[in-house]
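Enquirer: Sequence:
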Amino acid sequence: GFALLAATPSGTRAAMFRDVFDTMRQGLAVAVDALDQTELLQVSEKSRSVLKDPWAISAEEQYKDLNFLTTLVVGLAAGKYDRVVRVSARSGLAHRLVKLAGMDIPLADREPLLEAMLAAAAQHRMVRQFSVGQLSGWRLAPGTVRLKLGVGNPDSGKGNAFFTGLDA
7 GFALLAATPS GTRAAMFRDV FDTMRQGLAV AVDALDQTEL LQVSEKSRSV LKDPWAISAE
67 EQYKDLNFLT TLVVGLAAGK YDRVVRVSAR SGLAHRLVKL AGMDIPLADR EPLLEAMLAA
127 AAQHRMVRQF SVGQLSGWRL APGTVRLKLG VGNPDSGKGN AFFTGLDA
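Start counting at 1 in the sequence shown, then tack on 6, and there's your number in this note's numbering.
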């Protein structure tokens, strides 16, 4: 993985990292307190002690699997029914990375390339590694995500499924 990454021109590498980080951002794989299970538990308990129904966060509203929803897992260890941002050698992200690299990367080398990219990003504190049950996954560090004013024309089909599904 690292050899492929090192052989890729720096401009291409930057575009590849941007795609990986954007995939993580869209999948909400970001290490922030607002998505941390412990933090949410404390907030909900405080809410129940201070507020009355219907304003308090009830115990039924706690989402136990939130930890899974916000972690990128490389490989097929995560089943298709596990609630993670799953990336494998045959995933859309892997295909986009091959296209960006401009060279044929064998299937066997795609997951090691992704792992190498994530390990390199972790060295620069752009991502963090997390345990998700028996799986090991990755999340963007909070400082990695920068919000900036866009042109106001959203890409159709590229929105976060959670938020776009709220209208339905």
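Derived from the structure by calculation, the hints contain no laboratory data. Just so you know, even glycine gets a beta-carbon here, dropped at the ideal spot from N, CA and C. Hints may be right or wrong, so weigh each one.
What the hints assert, rightly or not - Pair ranges (Cβ atoms, derived):
{"hint": "1", "residue 1": "49", "residue 2": "112", "range": "30 to 38 angstroms"}
{"hint": "2", "residue 1": "55", "residue 2": "113", "range": "48 to 56 angstroms"}
{"hint": "3", "residue 1": "125", "residue 2": "51", "range": "35 to 43 angstroms"}
Enquirer: Given the hint of 48 to 56 angstroms, is the C-beta distance from residue 55 to residue 113 inside that range or not?
Expert: 53 angstroms, holds
Enquirer: Taking 35 to 43 angstroms as the stated bounds, is the beta-carbon spacing between residue 125 and residue 51 within them?
Expert: With Cβ atoms ~37 angstroms apart, the hint holds.
Enquirer: Within 30 to 38 angstroms or not, the Cβ separation of residue 49 and residue 112?
Expert: Violated, since residue 49 and residue 112 (Cβ atoms, about 47 angstroms apart) do not stay within the stated range.
Violation of the numbered hints given earlier is confined to hint 1; every other hint is satisfied by the structure.
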